[in-house]
Amino acid sequence: MSTKLSGASSCVSLARRAWVLLPSLALIACGGAAIPQEQLTSAQAALKGAEVAGAGEDPKAALYLKLSREQLEKAKALIADSKNEEAARVLDRAQADAELSLALAKEATAKREAAQARQQSEELKQRIGK
Amino acid sequence: MSERANTFLRSCVKRAGRALPLCTALTLAACGAAVPPKELMDARSAYTRVEKGPAANLAPAELDTAKQALARAEGYFNDDGDSPNTRDQAYIAERKALAAEAQAGLVQAERDRASVDEEFRKAQLATIDKTKAELDAERRAKEATKAEVARTQDEVARQKDEVARQKDEVAKTKADLAAEKKAREDAEKRAAAAMASLAEVAKVKEEARGVVITLSGSVLFATGKSDLLPIAKDKLSEVAKALKDQGFKAIVVEGHTDSVGSATKNEELSLKRATSVREHLVSQGIPAEKIKAVGLGSSRPVAENNTPDGRANNRRVEIVVTPDR
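Those protein sequence lines, which keep their order, are chains P and L. Counting in this note's numbering, the first sequence runs from 1 upward without gaps. Counting in this note's numbering, the second sequence runs from 131 upward without gaps.
Please note that a few of the clues may not be correct.
Think about it this way: if two alpha-carbon atoms lie no more than 30 angstroms apart in a straight line, the pair counts; the simulated DSSO-like pairs of lysine-lysine are [what the hints assert, rightly or not]:
1. P:66 with L:363
2. L:168 with L:182
3. L:182 with P:111
4. P:74 with L:168
5. P:111 with L:252
6. L:355 with L:304
7. L:379 with P:125
8. L:262 with L:252
9. P:66 with L:182
10. L:290 with P:125
11. P:48 with L:262
12. L:302 with L:363
13. L:182 with P:74
14. P:60 with L:168
15. P:111 with P:125
16. P:60 with L:182
17. L:420 with P:111
18. P:48 with P:125
19. L:402 with P:125
20. P:76 with L:363
21. P:125 with L:272
22. L:363 with L:312
23. L:379 with L:319
24. L:333 with L:363
25. P:48 with L:312
26. L:290 with L:304
27. L:260 with P:60
28. P:83 with L:168
29. L:355 with L:312
30. L:168 with P:66
Beyond 12 angstroms from chain L on every Cβ pair, some chain P residues (computed) [as the list claims (entries may be wrong)]:
31. 37
32. 41
33. 57
34. 100
35. 113
Worth flagging that the hints you see were computed from the coordinates, not collected in a lab. The C-beta atom is built at its ideal place from N, Cα and C for all residues, glycine as well.
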């Protein structure tokens with residue numbers, strides 16, 4: 001690998017410090033990353049999951065749902081523009097937003113249900129008259 | 131600060147010793163990297179806040195995930211400074227921290243929900259118990275009412291029976307009284323009829339000694355005889371019937387003559403004649419022990435003996451009936 005990178009000394013010192021970046025750098029070096037299909041699918045699935053969980057109905061969840069959706073669109077545009085490496089990063093963000101949106105939606109649902117149960121319980125207690 | 135950051139700074143210092151202009155540029159770059167991007171600031175503050183909240187207890191796995199994500203972001207920041215990777219990882223780390231917070235909220239809500247459900251279940255049980263108790267009380271009250279109604283109905287029926295029984299008794303008493311009255315009336319009628327039939331064949335008088343039935347001697351006997359004439363038997367049979375109908379205590383048959391002839395003969399004849407009458411009456415069903423015959427001769431005339439009519443009246447048989455009462 002290091003032979004491939006020998007042309008750029010700044011690249012070498014960077015690679016030594018951060019091994020994680022190597023593959024992407026290698027790909028860039030080789031003339032462009034592949035379409036991040038897996039990340040796209042995963043982000044789309046996460047977004048769908050949040051929508052199904054009712055993220056659109058809770059303000060906080062809806063905010064992150066919107067962010068996720070926008071970034072997903074942005075990623076698609078970047079892919080169409082062959083900017084796959086940037087698209088992959090945007091998709092990671094979209095994924096994180098979708099997951100947070102889902103968590104918030106589930107929390108809101110549980111809280112709403114707990115409140116409803118509480119209300120029912122109170123009503124029942126009142127009916128019993130104690 | 132991590133070891134890598136120190137290493138970075140040290141290498142920077144070394145390089146500075148060798149070439150100052152380059153070092154200055156690198157130091158500037160390092161100093162630029164030392165200012166964290168907004169994403170990392172946000173991630174740090176989010177994590178710090180969430181870590182102090184209930185997530186530590188309620189969502190430890192999610193909090194750990196967030197912690198690792200933040201560590202990765204810090205790693206990128208230490209290695210690359212404010213790079214796109216640092217920003218992306220910080221962005222993700224902030225969301226992981228918020229997700230851990232949301233998860234803690236979810237768990238808390240579910241716990242609340244479970245305890246409320248338990249309360250609800252208890253309240254329902256209490257409601258059921260209360261309703262049961264109320265229904266029981268209602269049922270018991272109904273049963274008591276039913277029993278009371280049944281008792282009242284029984285009592286009413288009993289009173290009805292009693293009234294009916296009393297009515298029957300009254301009716302029976304009335305009927306008894308009516309029957310008694312009718313019997314008395316019948317007896318009186320029979321007595322009257324008997325008296326009437328006697329009056330047809332004989333003279334009937336009520337005297338102190340009793341009812342006196344006087345039969346003319348000429349109707350009963352031939353002159354000087356003591357045998358009853360056939361027509362006399364018929365008449366005496368009528369008399370016997372009337373006597374039986376009326377009822378009596380005792381009967382005395384008295385034979386009487388006129389004063390013609392010896393007193394002894396007259397007494398003999400009168401006794402014989404009275405005896406004939408008595409025997410006939412006994413033959414007609416008058417109890418023998420209740421009836422006796424006496425011959426009184428001419429001792430008790432009812433008319434003058436100096437005229438044929440008077441003598442005819444004196445020749446007679448008197449049946450003296452002592453009434454029942």
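So, going through the hints one by one against the coordinates:
1. P:66 with L:363: Between residue 66 (chain P) and residue 363 (chain L) the Cα gap is close to 151 angstroms, so the pair fails against 30 angstroms, i.e. violated.
2. L:168 with L:182: holds, 21 angstroms
3. L:182 with P:111: Holds - the C-alpha atoms of residue 111 (chain P) and residue 182 (chain L) are around 21 angstroms apart, at most 30 angstroms.
4. P:74 with L:168: holds, 21 angstroms
5. P:111 with L:252: holds, 21 angstroms
6. L:355 with L:304: violated, 57 angstroms
7. L:379 with P:125: violated, 102 angstroms
8. L:262 with L:252: holds, 15 angstroms
9. P:66 with L:182: At roughly 28 angstroms apart (the allowed maximum being 30 angstroms), residue 182 (chain L) and residue 66 (chain P) satisfy the hint.
10. L:290 with P:125: violated, 54 angstroms
11. P:48 with L:262: Given pair residue 48 (chain P), residue 262 (chain L) is violated - Cα atoms ~49 angstroms apart, limit 30 angstroms.
12. L:302 with L:363: violated, 46 angstroms
13. L:182 with P:74: violated, 35 angstroms
14. P:60 with L:168: holds, 20 angstroms
15. P:111 with P:125: Given pair residue 111 (chain P), residue 125 (chain P) holds - Cα atoms ~21 angstroms apart, limit 30 angstroms.
16. P:60 with L:182: holds, 21 angstroms
17. L:420 with P:111: violated, 126 angstroms
18. P:48 with P:125: violated, 40 angstroms
19. L:402 with P:125: Violated, because 125 angstroms separates the two Cα atoms, which is more than 30 angstroms.
20. P:76 with L:363: violated, 161 angstroms
21. P:125 with L:272: OK: residue 125 (chain P) and residue 272 (chain L) at ~28 angstroms, within 30 angstroms.
22. L:363 with L:312: Violated - the C-alpha atoms of residue 312 (chain L) and residue 363 (chain L) are around 33 angstroms apart, more than 30 angstroms.
23. L:379 with L:319: holds, 19 angstroms
24. L:333 with L:363: holds, 17 angstroms
25. P:48 with L:312: violated, 116 angstroms
26. L:290 with L:304: holds, 20 angstroms
27. L:260 with P:60: violated, 44 angstroms
28. P:83 with L:168: This hinted pair holds, its Cα atoms lying about 24 angstroms apart.
29. L:355 with L:312: violated, 46 angstroms
30. L:168 with P:66: Distance of about 20 angstroms is within 30 angstroms: holds.
31. 37: holds, 19 angstroms
32. 41: holds, 18 angstroms
33. 57: holds, 15 angstroms
34. 100: Residue 100 (chain P) is in fact no farther than 12 angstroms from some Cβ atom of chain L, at 4 angstroms.
35. 113: With a cut-off of 12 angstroms, residue 113 (chain P) comes too close to chain L, as the shortest Cβ separation is near 6 angstroms.
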